[in-house]
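Number of protein chains: 2
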Amino acid sequence: MRQTRILAKETPNKIGEAVLVQGFVQARRDHGKLIFIDLRDRSGLLQIVFNPQVSKETHATASELRPEDVVAIQGKVNKRPERLVNPKIVSGTVELEATDIEVLNKAETLPFDMGGERLNLELPTLLDYRSLTLKHERIRKIFYVQAALADAFREAAKQLDCTEIFVPTIAAGATEGGADVFTVNYYEHRAYMTQSPQLYKQIMVSVLERVFTIAKAYRAEPSVTTRHLSEITMMDIEMAFINDFSELLDAIEFVGTYMIKTVSEKYAAILEEFGVGKPLIPHKIPRLKMREAQKIIKERTGRDQSKELDLNPEDEKEICLWAKETHNSDFVTITHYPTKKRAFYTYPDPQDPEYSYSYDLLFKGSEILSGSQRIHNYGHLLAAMKAKDIDPNNFGMYLMAFKYGMPPEGGFSFGLERLTMKVLELHNIREASLFPRDMERVDERFSIISEKDKTKKVHQK
Amino acid sequence: MRQTRILAKETPNKIGEAVLVQGFVQARRDHGKLIFIDLRDRSGLLQIVFNPQVSKETHATASELRPEDVVAIQGKVNKRPERLVNPKIVSGTVELEATDIEVLNKAETLPFDMGGERLNLELPTLLDYRSLTLKHERIRKIFYVQAALADAFREAAKQLDCTEIFVPTIAAGATEGGADVFTVNYYEHRAYMTQSPQLYKQIMVSVLERVFTIAKAYRAEPSVTTRHLSEITMMDIEMAFINDFSELLDAIEFVGTYMIKTVSEKYAAILEEFGVGKPLIPHKIPRLKMREAQKIIKERTGRDQSKELDLNPEDEKEICLWAKETHNSDFVTITHYPTKKRAFYTYPDPQDPEYSYSYDLLFKGSEILSGSQRIHNYGHLLAAMKAKDIDPNNFGMYLMAFKYGMPPEGGFSFGLERLTMKVLELHNIREASLFPRDMERVDERFSIISEKDKTKKVHQK
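Protein chains in written order, with the working numbering: chain A, 58 to 518; chain B, 58 to 518.
Here chain A stands alone, though its shape is the one from the complex (with noise of 0.2 Å):
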């Protein structure tokens, strides 16, 4: 059988034809002589029933049917009556009557149902299970979302005038010094995974004056927490020429709203479907100093974090509370975070330089975004990198680039799978990565369950 095949969304529109569709098959369900088999393709659902007196060996080959197994089926589609018309599937109004099917690919028994609406499972079975469980309708529109934050992202890049970049990630030194850096075996040297694409969109400034690049980043985070994975995947942007320290945060604050605003309307109902609300933007977003959210933080709960050199995640949880408070924002930017914080690169405010021209943007109760202006003076760079016992000699591309002539300049980075993470409101960082790594995994955990278990059903809450 070898007609042209069509998508279940495409079947309303083909009442009375001849048709061929493809896909897994997502339900069987016996009702006396008839089989239905709920068809999932990647435009949706289809239902199509298997009538022994339109087909015996059909019908028969029907009945031995499994979840996901594979099929091509050939049959007409019929408009269904009234009341059986479902609005909750694509192809609601009608169903296939099959007249013949091809098994493509036989599915070995799930070790868990995939059928319900929510597959409920532990992480770690989530997770031991990846190359099945991403299979589920809500985890895969997970990732729809993931995409479409992307393609905001580049497309908010471009109406900035950015060019794409393209930026190693085996460097010669760790980017920001520090211990959390993965090391590789580079043919007789040691290299290292880039904890950012920072140093060379810094560096790509002095050539292309603004940039973006969507690139991995490598972090041997020494812990498990719900917020960090190893390697993630980052949206930056980098400028040159910023006359002012707001033009920055004027930047940050559109492509972060662009973004959020544009997969929130191309994605209602994903959203609707996880329980989150349409984001709160206004047309100005609140921005604070750091000591200023602080204070508003202490007069609101009376906790004093003066003395403190960042704002942890209760304080953004507090602070952004009160942006959506007073301003009916979900968004708030808070500047000038204590330099010494901060990393080396970071520009001092030149009023009062223990503060520098840092920010973060938040989004519902987190950090969604991180930048800064940078230090564009050679000899001031250099300085700033002894004051934190990095060595210079490892950074000579880097710093070859404010020899010859570097523009005053900032940017910003994303991490897609945290602005994933917070946009549909999900638990966990790893339900945002297809693949996640972290210290007790990649792929499998390093601590390998045998074959035997994981064949084994799994227990379902």
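Rather than coming from a laboratory, the hints here were simulated on the basis of the structure.
Treat the hints with care, since some could be wrong.
When chains are identical, the list treats them as one kind, so a pair holds in a single copy or across two.
Think about it this way: if two alpha-carbon atoms lie no more than 20 Å apart in a straight line, the pair counts; the simulated DMTMM-like pairs of lysine to aspartate or glutamate are [as the list claims (entries may be wrong)]:
1) K323 to E212
2) K364 to E330
3) K341 to D307
4) K273 to D208
5) K198 to D218
6) K133 to D95
7) K198 to E488
8) K364 to E501
9) K460 to E159
10) K215 to E174
11) K381 to D170
The model shown is predicted, which means the values in this text are computed figures rather than measured ones.
With chain A's structure known, arrange chain B on it following the hints.
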């Protein structure tokens, strides 16, 4: 001076107005009392004239400007007399009469002249000074083309209804077996940098049916050639529910020609500057089995390659010549490479299992794309792994996808740097990578030249 900056290309629309421009000093020419500066920004060049009668102080500052100094200049836009119009630059109908200047950052004396139309340096020097040499206009253009290729790839992938995915680069096993893999010290464990996104994109077609990704890949190439890098950018597509091998060939030819056509049109001027003719894209790209190609090569050259299991670079050139002469095509698709020469997941031709449903797309003398239909049956895949001595235990997550419902599928992959190199007919793939990684270099060559040597004036060709 905190006026809004305008770009060089905008000045022709501002005749008579006072404007602010910012950029890099490309060149300074002193003509008697007048000083001329070519200012470069991301839009192109602008000539600026400093007249001591307009501002003595500004003129004095200008007299000390050096190439790559970063400046902000205010002045009045004047129309040039007809005979002084320079059609080669974006602002060639005007010049700026400077009234004020601010030096935003000084550059050190350059180690070589950056002013010529070409940067006549040997490749090692080009790379030793990469942060500087990237600033040269001709080199920047390579990366505009590269960004446009990536964009066109994504557009084509979306036309095929593919969803973007972000897959890991740290894996538990080497992608395709083999020795050319970098190991990474992953907490207490040994892990591998992926040689391609192959296995993960295959898993993902069982989830999303059609996917694309732009991902880094790592190859511990044990030799230094003009065509290989240790870290590359791959543009991958994978599509499920392939009913016919020719569907895949249609898809690769669509994506390959779409990218090259789009970029050749957008950047026709750059291609011309690089001496590259308009690509020949026929309505129907010639398709040959590898053995047929070898026969044609024998007829044309007398060289008998019929015992060879692959086309060598000379063969690829010859068959591309044939395609050009007989089909007026810069493209030719070669299929059915010997099964044993291809990766374990390659689908053998059922009619003749010694040969496989594999293909390369050749463009102007060499391969720009490679791919195949894949084995989708779990048992067949296990057998194919065993035949190639690959331990299935390292591929648990991959194999899981084949247990639980994998459609017939296939895909393909372009190397972004290789493609950029071919489109602009560059001689070495390193020219098509911002910061190329190879056996000898991670930014700096491993046989490190002392800082003293590096800052010496370099001898130019």
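So, going through the hints one by one against the coordinates:
In this assembly of identical chains, the alpha carbons of K323 and E212 lie at most 20 Å apart whether taken from the same copy (14 Å) or from different copies (18 Å). Proximity of K364 and E330 under a CA criterion of 20 Å is satisfied in neither setting, with 42 Å inside one chain copy and 60 Å between copies. For a Cα distance limit of 20 Å, the shortest separation of K341 from D307 inside one copy, 10 Å, qualifies, whereas the shortest one across copies, 49 Å, does not. Taking CA atoms no more than 20 Å apart as the test, K273 paired with D208 passes in both settings, with 16 Å inside one copy and 18 Å between copies.
In this assembly of identical chains, K198 and D218 lie within 20 Å of each other by CA distance solely across copies; the values are 16 Å between and 31 Å within a copy. With identical chains, the CA atoms of K133 and D95 are at most 20 Å apart within one copy only, with a shortest distance of 15 Å there and 71 Å across copies. Only within a single protomer do K198 and E488 lie at most 20 Å apart by alpha-carbon distance; the minimum there is 11 Å, versus 40 Å between protomers. Taking identical chains as interchangeable, the C-alpha atoms of K364 and E501 are never at most 20 Å apart, the minima being 43 Å within one chain and 43 Å between chains.
In this assembly of identical chains, K460 and E159 lie within 20 Å of each other by CA distance solely across copies; the values are 18 Å between and 67 Å within a copy. Taking the shortest Cα distances, K215 and E174 never come within 20 Å of each other, neither inside one copy (38 Å) nor across copies (28 Å). For the identical chains of this complex, K381 and D170 are neighbours neither inside a copy (40 Å) nor across copies (56 Å), given an alpha-carbon limit of 20 Å.
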